[in-house]
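The listed protein sequences correspond, in order, to chains S and Y.
If you want the working numbering, it's the position in the first sequence, counting the first as 1, plus 11.
If you want the working numbering, it's the position in the second sequence, counting the first as 1, plus 63.
Do not rely on the hints blindly, as some may be mistaken.
Stated by the list, open to error - Only pairs whose alpha carbons sit at most 30 Å apart, straight line, appear in this in silico DSS-like list of lysine-lysine:
no., chain 1, residue 1, chain 2, residue 2
1, S, Lys336, Y, Lys805
2, Y, Lys429, Y, Lys411
3, Y, Lys604, Y, Lys278
4, Y, Lys263, Y, Lys767
5, Y, Lys762, Y, Lys536
6, Y, Lys805, Y, Lys253
7, S, Lys336, Y, Lys717
8, Y, Lys877, Y, Lys841
9, Y, Lys429, Y, Lys257
10, Y, Lys263, Y, Lys724
11, Y, Lys536, Y, Lys274
12, Y, Lys429, S, Lys336
13, S, Lys196, S, Lys444
14, Y, Lys604, Y, Lys536
15, Y, Lys805, Y, Lys762
16, Y, Lys814, S, Lys336
17, Y, Lys1110, S, Lys336
By construction, these hints were calculated from the structure, which means they are not laboratory data.
Note that the structure is predicted; figures quoted are calculated from it, not measured.
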Amino acid sequence: MSDEIKWNRTISDVNDGILANLGKPHPSYYIAWGAAIICVLIGAFTWGMEMTVGVGITGKNSPVYWGVLITDFVFWVGIGHAGTLISAILFLFRAKWRNTVNRSAEAMTVFAVITAGLFPLIHMGRFWFGAYWIPPLPNTNNLWANYRSPLAWDVFAISTYLTISLLFWYMGMVPDLASIRDRMKGLRRGIYGILSFGWRGTAKQWHHYEAGYGFLAALATPLVLSVHSIVSWDFAMSIQPGWHTTIFPPYFVAGAILSGCAMVYTLLVPVRTMFRMEEFIRPEHLEACIKLTLLTSTIVFYAYGVEFFVAWYSGNPYEWGIFEKRAIGNYAFYFWVMVFCNCIFPLIWWSKRMRNNMAVSMFVAVLVNVGMWFERYNIIVSSLAEDFLPGSWGHFQPSLSDIALSVGSFGWFMFWFLIFCRYFPIVSMSELKLIMPKPLSKKH
Amino acid sequence: MTSLDSDLRGLEDNREVFVAHDQPFEKPAKEFVPGPFFVSIEEAMPDLAEESFAEDSSGEKKLAVDRRDLMRLFGAGALLASAACVRRPVEHAVPYVTQPADAIPGIPTYFASTIDRVGVVVKTREGRPVFIEGNPEHPLSQGSASIPGMSELQALYHPERPTTPRIRFGDRLVDASWEDVHSSLADVLKESKKVGFLIKGTTGSSIQFYKDFLKQIGQSEDGVYLLETNTLFNSMAEAHRLAFGVDGIPRSDLRRSKLLIGVGTDFQDGGIASIFETKSWSAGYTFRNGVKGRFVTFENRMTQTGSKAAERFVIAPGDELGVTLALVEALLAQGGSKGSASDKAHIKAVVDSQKALIDSTKTRLKLDEAISKLASEAVQGGAVLLAGESSASTQNGTLVQVAAIMANVLLGAYESSLLFFSQGWFKNPSRPGDIARFIKDAASIDTLFVVDVNPTFVLPASFGLDAAFKGIKHVVSMNAMPSETDMYASHVLNTHNPLESWGDEELVAGFWSIQQPTVRSITNSHQAQDVMLWVAAKLDKPMGFEDYRAYLRKQWQVLHKASGITKDFDTFFMAIQRKGFYVSQLTKRENATNFADVSAIFKPVAIGEGFKLVAYLDSKLGDGSHSERPVLQEAGDGLTTIAWDTWVAINPLKCRELGIKYNDLIRIKSPAGTIEVSCYPMPGLHFDTIAIPRGNGHKNGMSKISDGVGVDPLTLLEAVTDPLTGDPITAGQIVTIEKVGKRYRLAAMQKHNDIANRKDIMPVQTLSGAVKTMREFKNLDDVPDLYPSLSLKPEDTASGKDKRGSSWLFPMWKASDTYRWGMSIDLDRCNGCGACNVACTLENNIAHVGREQILIGREMTWIRIDRYFSGEVNNPEVAFQPVPCQHCNHAPCEAVCPVFATTHDEEGMNVQTYNRCIGTRYCGNACPYKVRRFNWFTYKWGVMGDRPVDRNPRALNPDVTVRTRGVMEKCTFCVQRIRDAKHNAKQQGRAIVDGEIRTACQTACPSDAITFGNLLDPNSRITRNRRDNRSYLLLNGDASKHEYGLKTLPNVNYLMKVRHDGSQGVAANSSPAGMEHP
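Isolated chain Y, as found in the complex:
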């Protein structure tokens, strides 16, 4: 029996490259494999692996095969043997009258897959996906799924998913059978002279598939157009092509840097690979072991990323180029800058040619001193510059990226932080020029397949798509959900959700990630590629594949061959399915060197003066393709906390100047169009800029959830493109604004924005102070008793006569001596993204209540993220504080409930008995943190406010009770996960290991701000965090000064934000310790 380790060398290698950076991220301890997981390859059962076991990823952890396992595997084999040939869609959910041999009701099965360009693990129960979390081994997720990725469940089970394909007859779309569709499409294709595919930006095999299809039916391969709305991909790729003559986007590994300079970057809420970048930022730029990198940013609006900056400069959209060049100029002037002589000469040529721009920018923004200071700090090493999507979506977007490359060459970032060719780079899911090419070609296309993308909505109307689509004879819209593009379509085909589909992505060069079905099609849908295979067969030009999976296998055979793995392909592919990804031998190439002479193309477009609009993408609704998912609408924006709406952010001082108030309806005009939208006075926004988020403003029957919600800022955009990439410009177009004279209330969940001078809520440490005290420990639980004489005698507790273990006057619970659960939230890491909230909502079946209820203040979020602005209006300091139930040991809520519906359990948790609750809501009043949520109505499936669709019961987590009307609910510390873990531990006769239980919010947090564990385990991470000198209990005073505040003694502790004070962390001499307040 040979070990697979040596055979599957490639799979091992990746760990060296991606993950094995001395365990930098908070991953579960080595000895522990979380949950009944998909197994990683070294644990796969080598002798049994050859069995046809490909679709079942529910591995067992034991290497030895016992009787039960053997029976189970025999059963699985028999089942697969009988079921493998036909894929019959299961039409009705039926209970397990006859239980399948390999499924145990109540025991989840986990599948590795790829969703939203992040490797995920899909938890399924009884054949249904119930939760999506990041694949901890996947380097781009490191355990956290993206926000849209997690919400994919709601798209899968969406009640409005079409159940049948439709073909247009006259004005009507008529239900058709798939058979009809295939014939009809075949007929259409026979007559078509030019066939096009407009597909969602991807890096996977599907591009090649559509090319192969076009070739097969005798069409030109050029007909495949990629549409990716994040312009950053194209501008970065194009800039690197211009600068180095290579194709690729570097991966930024911020852990290795000390100074991060951002120019219009919001990588924590968008960017290239938000999760990956946030994780690496969190490791390098938040306080840890006395080190915290400095993040300086130049941006036009307050972003989540910018809110975490040590220093922040506000610039106008369009100034990014001038600022970056000014920095390049300053770096050139510095002695210590890196880069070869020829690099420097080429860079100097550009800088010299742009002297006027640099000087005018510096003078206008008064940045002369700041930039030279920054440059002198940067040349000391370990600095990196990131120019982000906000700069990329201006008209000089690509040039900003070129300038950023110049800066990074001078900083030597390509040798340290920016991982380029030798270490894998991001693949561009888009292609520069594709959008422009499509619009140009549209006139000549007869038949256009629009796959998984909604061009009508994601591109500005000014690009003339309406006319273009009307001119195309046959538009075939292939989408899992209805879309605006359907109105032009002759065929509207309902395709698989990603959770039902096969697919793959090459997210990073040489790094392949697989997408596999986790459930059989739950509506009568088909995968787009399968439809094309059928159509090709109808045309008598079969492609020779049974389904898309067969095509994928063919593609992956190439990788298999290249990998040199001796095991056969089936074993290899099964292993990939279990692991979720594969790293081939990376292309060894030189690092980015030899910066080309780009002065010939460096011809920036002059940016006009005036009131500028920024229409931006965020990590929740994005470009609007996920707007139909209530959880994303309800989650609310991180900075404004507005849900279910679009707002226009205007600088508060500008508002004052124009006489505009919060919630005033504003009419925004541009030559392209006019919209009316309510105003949110946003601190930290550039004075002459307005910012409007994209993603809402659907009108045409896409979904009852999203229709009529918000407005679409793209209406305002003229058809201006970045001349180098052809991508539409969404930042910096000139608009005018005026008051409408009406008010429209925005559903902001947070009603008060500043901290009301309550300093103890959010204490802040300075870096030098934190460094000085980092070795000192606190004991937050050492709180004196008010009535010592009335308490239990210590000998009683020690002798075991009384196990209550508490010295309090009224010990109301028996404390377990094994477990006491606690959570720690690092406020230095929290960037307010809201992923915790989304994960919590999905895990705990939390109701969505809709705009009207949020306006009243009835959002049901179990983890509220408080956001406080402080300081100057134009450039405020922002602090985030996620507040879940604090699980107080001295809980004010427990004493006041007249029926004991909320009590303390033995493990320190404050638990809520829904069945016992009578809804006096006294606990809610008594809670000083106001984290309890009341079910004011029956939030019924199918009804949400005046919106007729809501969660589908099938999308609910079967482990969590659905609460009825009239009862109180709140954060449970994911008690179902604790119970699961305890059950497993008990079966295996051991205690729960640190890191074994991860709450939903913890898994989702991209910056690893949340830690959960057992406070009675002296070596657990949570115990260390609680004893950390930065630790404090909310509203419990400053224990070091013997102040105990409300003395609620929560099991949740916070780690203070750390503020830069000019010190360099551990290396520098520490100045006297000090606590400061915002």
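Only chain S is shown next, with the shape it has when bound in the complex:
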């Protein structure tokens, strides 16, 4: 499809256009960055309070031992997935449209995983011990982490994922960093010079680069499936009704990609305006992203249906009790927000006109993000609140701290993402050039 794009710019415009972000940014950038910092401070203050006072400042209780914080964790891990999918899987499938969005999507992945990684710490009662005991550090007592626990798997899954994503993202950026280095003077040149690892763009370097990039893409590809599967096992491996189901891994992966793609869209639309990238990140690319979102939305829709069907078909009163209550019980509001945002509203994208209407699509993409957050909230809270013994049932209400920590996480993510937008090439220049018309074949 990208072949049919009418490019208004040539390859020679690429470096100037993309690296415009290194100059003086639009004032809205400072506003956004300031807002992000305020949110980070709110979150940091709340975390500090939580550390000194106790996890009790959040709304959790017995039986809802997990609440908004784990929702945030799953949400941010999920966000990360689209980045890897776009950069690795689509790279291997040679989907050319990815070349314009992969860099920012990967950046999103890295920052989302960093954000996600904070939440298990914030959520723990005594994370200072957790951070010490879960990693397999040799010790004389021969006390290890419990490798039967999905939480221990999580630690490895997330840390692997972060490592690979970071390498992949950075490696893809090396040729572009060299381009920046070449434009810079003084100290900045030195910094970018170090960052670009002495990239010269020789054929031999390109040869190694291509091979390494391909390998990393191949390495990252299974992670797209494995990481969120493992995160879903946090739930599926317990015997909690509403959690203990085999559909969880694929369902979570689809959900992750849905939320990730919607987030990519949500981020790219303002970013391309803010940094005047309209000519490089073309509507056609965004439309492709929407199509991927639509596809995963349908998968998720199907998963919701299957989940309900299996709960009913199992004849297990506990399982069905949870699903019945999700749909018409105390948590019906969250459930229907989830269904409408993730399944019903995206249906509008079957219309090409709507897909290309950026205002509408932006609105729906934001709704999908909301919906995906509610999906996790719904899974966690409604399953825990009313499980086996009616005498133990409870309610969950997020506290102000829950909200503050969630807001803080958005600030934390945006803080890093905006720094990235300001100092790094938002679009992969070297890869963009691959899909743009060759200068000799078409001239303006």
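Chain Y: place on chain S using the hints.
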């Protein structure tokens, strides 16, 4: 060397009378004496007993004295010789730099005492009481202490206990020394024309002491007034006086009866002697060996007792008299009724005179058929009728009791179930008419001593106490804790807690129970009686006693003489102190016969029509004198599970009619006053009745724990009394209600009330079904493996190569071949009283979290009592299910903890390593029973929510770790007690005997629903219970149908509730077996 057995004959006799009913209660096996106990008299060391050893009750069990014991006794003797003369209060807790010779740190000392009218054993460690449990030999406790009794620890160590006496100067109470107090009181008494003592209802020597004091200072003995808030005592005593011309309250022994008819009775949550009555109910009315008595009750609100009834009729407050008389009439009409001709003639005269009332009641309540059916069932023998406090607190309360006596005469209950004069009867701790007499006399009293009672709070304001107290020149308030009465007081004296005091009670006629100090005064307090002795001395009219203990000894010398024991008094008294109680030769008198002609006094007050209020007492907060103890506030009500609050229970259908919802604030008005209180829609409550518990609503600086919590329903009560006893009426006064339009959330711990159609949680057997299968055994542990091919080979385990002993896919622990601990909970017995929860909280240092946290759902209770309503709203079936940690052998929590903080130990227990816990709370999520509790905050000493006082660190059990913030905790099966027992057993070179370990909840359970023991011992009680046909594992399916549910394989099993289906138990032909669900 003569045996004390023969000499202390009286002490032996009591066992015949009280306890030796073929070991009916689940007591420890004979061969085993639990713990390093106070010794019973036959085991006392006869040759050494003459030593002055009176204050030390830590006996050794061995009869032979070895070197260590001898040294210890010498040491004790030396210590006592040097310390006996002066009782210096220990002001500071200091570590044992120099270890006292008779104290071994870490080894508890046990004292027998009496608290809350129940014989208890107080466990002390390093000189401090740390736990209170029932004295297993005491017939009124049989091993279980009352709920307020257990919580006495929190009163002892209460941070708000005043540390100094205060005297009023103008508007201010000024700290004073005891010396000043004595002189000041002496001055006051010199000028006083009439001196009064308003004391807490008691049956002990203190009444006589205050009389003696008054006599000594030249005052009239009439000045002693007893104030007992439980009106049942007075109405029952008065009724028996009217009916038989005798003074006493019969003891009801329900074990001997087959049909119990209750009229407004809630003996399991109040009554005369709740523990005793519940124990005997539990033996007669819960399924055991194919027998289960039938309990039919008529009551106006759903009570804990009523929730266990086979048949329950809802009546309005005030209908009790009509219903009882209707039953009497029906019994008269039956051929088989007992009673002499003259009895019947006298009863008939009353019934005839009340014909109109009987008929109108029967027609109105549509009980005609039910009552005649009940009567025909009752005359077959073994029936007894109990009219309880709910009926006693109506205006015709005493007449209801008279009617109940008539019914019992006709049923022949006085010859079987109601133990009367020949077998010891309850003493009345109150005196009919005392309250009325006090109010009348108040105007003429100059100086009033208010001892251990808080009249301002426990009596309705409409009785004019405010004016009365203001009129009294000097009010001397003597109480361990501050009270509302202090505001009228010229002297506020801080007295001893019962755990620091000497005292005695004659709970049952001829049956004396002693109260002795278990710790030296921990604040600068004095015993009230000691103060009076000092004052008498100041007045130059000394009573001649060094302290109250000396007075008690004088009193007990009378018993000693009467007993005919040849040993000297000191030995006798020491033995009493060790045993805790004494039974004198019982007064032999005729049984209750010759029902008098009471038609002359039988003039019931007409009960008005309208919306009626019932303000009732429960077994936790009672009349409000224990409200300052957080454990009682936090324990929550059994039926509503509401903690830290007062609620008004309204029938749910009435709520619908009035448009009232749960938690809506309701304004209740009566001519006496108005209160606003939140609504709890209570199934099973009479349609036109509202019920409000008493005990909360303190306002005036009594304690920061209780101030401002809840409202006091007594505000609504007019000054109406029972004309025959003069006691205030708390049930049946007319009120009006309206919505305020605001909401106030009640902190109910249980958020969902019905069982959500989940039948497998609470299977119920019918009586005939249970009888049919009672000889069949189940093997709940015979569960097939899902992956047999992957399991260990049997030869590996058999050959001892692999000791894991489990055939599971992932055997994660090595199973011990000696012990596997298990618990069994009999749901047929559980009445949801919550004593287990209170005992657990105190034993295991569980934090109290307060109302706000409970609203969120963060109560820390290790044993949650689930209560489910089912059936009809107006008359539901109620089921209770205590859920502690199930100690699953296939524990979902163990697999998910990332750091192995929760693991399985070799003895089958699921253990929690607090130090290792990082607080992911995944175990809490994974637990299908949701019994894990998380420390959301540091529940610090001194801070609880917004309330500044909490547990005092001194009140903590030193054997149990205090958990820090951020870690998970849960039921440990009282692992500290298991370790103790194992330690003792190891030292003695034996295995642990069945019954040796009793968990805190087990000791506290008044209905003996909980059994604990070793599942690997084929003869243990727990093994039998687990193999019982009623046994099932929660959420583990129905093993008989090869359904294994979650397959968590808990070590806790439940015994199903048994429902009457018209069969008579073993004697009757059994109908086909069947399982039924609620």
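Hints breached by this structure = 6, 9, 10, 12
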